[in-house]
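Asks: All chains should be built: construct the whole structure from the sequences, respecting the hints.
Residue numbers (our numbering), protein chains in the order written: chain A, 1 to 638; chain B, 1 to 105.
Derived from the structure by calculation, the hints contain no laboratory data. You may find that some hints are simply not true.
[Said to hold, decoys possible] Label pairs and their in silico Cβ distance ranges:
id: 1; chain 1: B; residue 1: M35; chain 2: A; residue 2: L630; range: 21 to 29 angstroms
id: 2; chain 1: A; residue 1: I608; chain 2: B; residue 2: L82; range: 33 to 41 angstroms
id: 3; chain 1: A; residue 1: I602; chain 2: B; residue 2: I22; range: 35 to 43 angstroms
id: 4; chain 1: B; residue 1: M18; chain 2: A; residue 2: Y611; range: 31 to 39 angstroms
id: 5; chain 1: B; residue 1: I22; chain 2: A; residue 2: Y611; range: 45 to 53 angstroms
id: 6; chain 1: B; residue 1: M18; chain 2: A; residue 2: L630; range: 16 to 24 angstroms
[To be verified] Just a sample of chain A residues kept apart from chain B, beta carbon distances all over 12 angstroms, derived:
id: 7; residue: I3
id: 8; residue: L54
id: 9; residue: L189
id: 10; residue: E452
id: 11; residue: E513
id: 12; residue: V575
id: 13; residue: R610
id: 14; residue: Q613
[Said to hold, decoys possible] Cut-off 30 angstroms, straight-line C-alpha distance, at most; resulting in silico cross-link-like pairs (DSS-like, lysine-lysine):
id: 15; chain 1: B; residue 1: K104; chain 2: A; residue 2: K604
id: 16; chain 1: A; residue 1: K170; chain 2: A; residue 2: K195
id: 17; chain 1: B; residue 1: K104; chain 2: B; residue 2: K30
id: 18; chain 1: A; residue 1: K365; chain 2: A; residue 2: K375
id: 19; chain 1: B; residue 1: K102; chain 2: A; residue 2: K604
id: 20; chain 1: A; residue 1: K560; chain 2: A; residue 2: K577
All residues carry an ideal CB built from backbone N, CA and C; glycine is no exception.
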Amino acid sequence: MTILISLIPFLPLFGFIILGLGCRSIPKRVASFLGPGTIISSFILSIIALSDYLASGIPHPTSFHLAPWLSFGGFSAGFDFLIDPLSILMMLIITGVGFIIHVYSIGYMSHDEGFNRFFAYMNLFIFFMLILVMGANYVVMFIGWEGVGLCSYLLIGFWFKNQQFNNAAKKAFIMNRIGDLGFLLGIFLIFTNFKSFNYVNVFDLAKTMAPGSGTMIAITLLLFIGAVGKSAQIPLYTWLPDAMAGPTPVSALIHAATMVTAGVYMVARSSVLYVLAPATMEVIGLASLATMFLAAAIAIFQNDIKKVLAYSTISQLGYMFLALSVGAFTGAMFHLMTHAFFKALLFLGAGSVIHAMEGEQDIRKMGGLKNALPKTYWTFLVGTLAIAGLPPLSGFFSKDEILAHVFSAGQSMWIITVAVTMMTAFYMFRLLFLTFYGNYRGNNHPQSRLHESPSVMTVPLMVLAFLAAICGFLNIPELMGGKGILKEFLAPVFADAVKLSQVQHLLVPERREWFNIVLVIFLVLLMAFRAYRRFGLRDAGHEMRDAGSKSVFIRLAEKKFYVDEMYDTVFVKPVLKLSEGLHRFVEIKFIDRIVDGTGNTIIKFSNIIRYIQAGNVGVYLFFMIIGIILILFFNIIL
Amino acid sequence: MNAVNSIPISYYLMFCSMLFSIGVIGVLIKRNALMILMSIELMINSINLLLAAFSAYSNDPAGQIFVFFIMVVAAAEVAIGLAIIVLIYKTTHSIDIDVLNKLKW
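Replies: Here is the structure:
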């Protein structure tokens with residue numbers, strides 16, 4: 001069993017090594033078998049792990065020691081894996097969605113010369129992501145954490161001949177570094193306080209500590225900084241929209257379904273620590289509310305199909321963090337799962353559209369693709385309905401759970417969340433209508449050349465659409481007579497956190513809950529209708545014309561609130577200026593002079609004393625004897 | 001008390017120092033490579049004599065055995081040194097060390 005489970009991450013690693021080494025010589029056919037093949041094997045093994053966990057009578061987490069790793073002084077961290085409901089859920093999502101996206105990539109990347117390299121990177125990513133979620137201590141998690149960052153960098157800059165894409169990759173990497181520093185410091189702080197990295201030991205010790213202590217707040221805040229970087233929350237979110245430079249399957253897998261949710265996973269994993277730090281929970285709540293609102297506002301005004309989805313991802317990640325901040329850990333994980341399905345679906349659908357449009361990403365130049373791309377359209381529609389939160393699709397259940405928890409924790413937060421839900425519905429239906437409805441508006445690309453993607457791409461879309469449609473039934477709330485399978489499954493992981501939770505929950509009468517649900521559905525439908533009126537009709541696209549009456553807010557949102565420009569002025573430009581100044585004054589005038597001066601002095605001095613080497617043997621002998629005498633002299637005297 | 005011990009050790013010391021100094025001065029002032037080689041031999045022999053003398057005075061045969069080793073090494077060194085001098089003579093038609101000043105700067 002141990003061997004089987006430890007194979008789960010190492011199969012993709014094996015795939016990476018084979019594909020990476022044989023990058024130039026392995027035929028595409030082999031690569032398209034091997035790349036997804038390793039992932040499906042891991043998926044099957046994950047299912048075995050799940051059934052093994054469920055079959056073991058009283059389900060309990062199993063931690064096993066794979067290899068001793070770092071051990072010196074009082075410090076020790078083994079290469080350990082922890083198999084509990086949380087990691088099993090993540091493993092299933094990663095390998096399941098990962099496999100579907102790998103299959104899709106066979107079609108999407110078929111014309112790319114870097115086909116093998118692409119699959120090698122993707123396999124490496126899956127490996128690191130599995131390490132991240134399977135690790136039994138923070139150090140193993142950190143390895144995965146850094147590894148996925150590396151793969152993200154490699155895949156964003158996959159088309160490295162484009163300098164803009166390279167810059168996007170660097171931006172993602174550097175912004176993640178800021179978060180990672182916080183994460184690393186948090187891990188150090190955990191070690192100094194708990195003398196261990198193991199989740200089990202840390203949480204057991206933490207449970208005995210008083211809630212709200214300074215160290216606990218410091219630890220959780222530092223860990224949250226890491227999550228902010230990885231999961232693209234305010235203030236470190238600007239890398240995610242730029243990360244859309246990578247191939248679309250990458251955006252689907254890394255920047256929607258898995259890697260960006262690592263922060264959510266990490267906070268959920270450390271739930272015991274977080275519930276002991278109410279101040280941090282409030283910070284998370286504020287940050288996530290601001291993020292989800294801001295990102296949704298920006299998404300409404302984006303015209304790049306992938307950018308809309310990118311901002312939508314940021315906004316949805318905000319939902320998950322909001323759920324975490326009110327103590328709805330199961331809700332966050334549930335939304336993570338449904339989001340993985342429907343957002344991967346939407347990205348892959350967008351990829352199919354881009355494929356049909358031969359690289360065009362501007363939705364203003366699309367329109368009316370419904371007839372040319374029927375399969376893409378129907379699956380995209382399912383994704384849109386799911387993310388908008390319409391029953392009975394998955395997004396409805398996960399959003400409902402979060403909204404219910406937020407409502408009982410604070411009404412003002414709930415109002416903002418509902419507003420964001422409405423905005424989500426609006427921008428998603430705007431995207432849907434502008435892309436698939438109305439008249440075709442492409443100028444450069446004749447309509448007759450539009451074609452549906454091959455079945456290697458549409459079948460994954462259908463599978464994801466099916467999952468996005470039904471996976472909500474995994475966790476039907478008790479209100480609707482469901483049992484909450486996922487909640488029960490994850491209960492042992494969050495048992496301690498729920499017990500220690502400080503969040504005050506109001507008891508909400510059932511009638512009010514039903515009212516809220518119906519209200520949200522109504523508002524979402526209203527938004528969908530407004531989007532249809534504005535963008536779905538025959539002569540759509542007129543939003544490009546009405547430049548006249550725009551409020552300040554809209555103008556700000558159109559310009560993405562100038563956040564990128566602000567970072568540019570506040571951080572990037574001063575650093576560039578400083579570096580330039582340092583180069584001009586310190587490097588050239590100071591350091592260069594020291595270095596050059598050393599060399600020049602030696603040359604000048606040598607020019608003088610090299611005449612001693614006159615080639616005269618008698619003189620050499622004389623110096624030798626003088627030397628010997630001097631040595632003797634100093635030996636005797638000193 | 002044997003014949004060696006009948007002479008005081010200081011005599012040996014003085015004699016050997018003089019012999020050594022003659023060797024050093026020979027190396028310094030002679031321009032002839034052959035003479036320099038002979039002067040080096042002189043220095044080696046002065047040291048050998050001193051070793052033998054000390055060995056006899058302290059009744060320790062190790063010193064005298066050591067002298068034999070030095071002689072062997074000195075013989076090898078002379079063989080090589082002479083070979084080099086022969087080659088120098090062949091190329092420069094001289095064994096004056098002042099001619100050998102091409103290797104410089």
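Asks: Return the numbers of the hints above that this structure violates; sort them in rising order.
Replies: 5, 13, 14 and 16
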